[in-house]
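Asker: Sequence:
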Amino acid sequence: MESLAVILGSAFGDEIPNSLDMQPINIDTQWGTQKIYGTTNKEGRKIYTILRHQHPHRLLPNQINYRAQAAALQSVNCGALLINSSVGVLTPDLPLYKPLILTDQLMPENRLPDGSTCTMFTEPSDSQGHLVLNDGLFSRALSQQIAGKHSGRIHNPDVDIVFVYAGGPRSKTAAENQMWAQLGGDVNSMTVAPEVVLANELEIPTAGLVVGHKYSVPEIDNPEEADIADTLNEAKSATKDIIIDFLQHGSPVEFQNHIYRF
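Mapping the sequence shown onto the UniProt record's numbering, position 210 (from 1) lands on 210, and the numbers just tick up by one.
Please keep in mind that the hints were generated in silico from the structure rather than gathered at the bench. Any given hint might turn out to be false.
Heads up, simulated BS3-like pairs for lysine-lysine below, C-alpha to C-alpha not over 25 angstroms straight-line [as the list claims (entries may be wrong)]: (1) K46 to K98; (2) K98 to K149; (3) K240 to K214; (4) K46 to K149; (5) K46 to K240; (6) K42 to K240; (7) K35 to K149; (8) K149 to K42; (9) K35 to K214; (10) K46 to K35; (11) K98 to K35; (12) K214 to K46.
When you get a sec, could you build the whole thing from the sequences and use the hints?
Answerer: Take a look at the structure:
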């Protein structure tokens with residue numbers, strides 16, 4: 001039976017693993033050891049969580065071992081992956097603190113933070129190939145499964161939301177954010193993109209569920225200045241129940257992209 005998994009960001013700490021009584025597991029991969037948290041849900045399916053920044057929070061976005069994360073998910077037979085992040089919002093029509101389903105991605109250079117190509121296929125092997133995006137990086141079936149169960153809580157799932165990968169660890173300048181908005185980006189963060197690309201190379205259907213915790217372009221007014229911890233808590237409260245429901249009751253979906261091998 002295929003498992004379900006989520007990747008969580010700064011807002012959550014170890015709250016979800018603790019609430020679901022998930023236990024830490026160290027998985028050795030060719031890219032290094034990756035800690036994940038796992039248990040069995042009420043339906044008898046294995047479920048897993050990765051805390052991308054570890055707990056306590058110690059990894060900046062450029063220090064995350066994205067390949068080890070992906071390899072660990074493959075090793076536990078992940079059949080559906082939900083990636084969560086707090087994001088900056090570039091589009092005035094999108095609300096803060098309301099879950100958004102990602103539909104596309106801007107990552108023009110396709111590189112990991114160390115400058116290497118964002119791929120699992122670093123050496124010639126029988127498994128290598130070209131990732132062909134018939135469905136897109138974000139699985140439509142998995143996105144629809146999540147949105148269909150939480151239509152009242154997720155911002156209009158029929159609206160296309162383009163995610164921009166703006167690698168950290170520094171924040172972006174006003175000019176950079178304006179550039180991304182002009183190129184069609186709606187939200188941005190310092191993670192997510194490497195995770196979804198690598199998962200797709202391993203044929204893991206993936207959905208992106210994000211929440212805006214600030215507007216990132218100067219012409220859009222933010223609410224009164226708040227501590228980043230407070231805005232992350234708002235983002236967490238908006239998505240926590242959706243993530244837990246996915247782990248407890250979600251279903252794997254068929255991978256609709258394919259790896260073209262010669």
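Asker: K42 and K240: Cα distance at most 25 angstroms?
Answerer: holds (18 angstroms)
Asker: Holds or violated: are the alpha carbons of K46 and K98 at most 25 angstroms from each other?
Answerer: At roughly 28 angstroms apart (the allowed maximum being 25 angstroms), K98 and K46 break the hint.
Asker: Given the hint that K98 pairs with K35, test it: the Cα-Cα distance must not exceed 25 angstroms.
Answerer: violated (29 angstroms)
Asker: Given the hint that K35 pairs with K214, does the C-alpha gap stay at or below 25 angstroms?
Answerer: Cα-Cα ~30 angstroms, so violated.
Asker: If you draw a straight line from the CA of K240 to the CA of K214, is it 25 angstroms or shorter?
Answerer: With Cα atoms ~19 angstroms apart, K240 and K214 stay inside 25 angstroms; holds.
Asker: Holds or violated: K46 with K35, Cα cutoff 25 angstroms?
Answerer: Measuring from Cα to Cα gives roughly 16 angstroms; hence the hint holds.
Asker: If you draw a straight line from the CA of K149 to the CA of K42, is it 25 angstroms or shorter?
Answerer: holds (18 angstroms)
Asker: Quick one, are K214 and K46 close enough, alpha carbons at most 25 angstroms?
Answerer: violated (35 angstroms)
Asker: Assess, step by step, whether the Cα of K46 is no farther than 25 angstroms from the Cα of K240, and give holds or violated.
Answerer: holds (19 angstroms)
Asker: Assess, step by step, whether the Cα of K98 is no farther than 25 angstroms from the Cα of K149, and give holds or violated.
Answerer: holds (15 angstroms)
Asker: Does the alpha-carbon distance linking K46 and K149 stay inside the 25 angstroms limit?
Answerer: Since the Cα atoms of K46 and K149 sit roughly 21 angstroms apart, the hinted pair holds (cutoff 25 angstroms).
Asker: Hint check: K35 vs K149, CA-CA at most 25 angstroms. Holds or violated?
Answerer: Violated, because 30 angstroms separates the two Cα atoms, which is more than 25 angstroms.
Hint violations for this structure: numbers 1, 7, 9, 11 and 12, all remaining hints satisfied.
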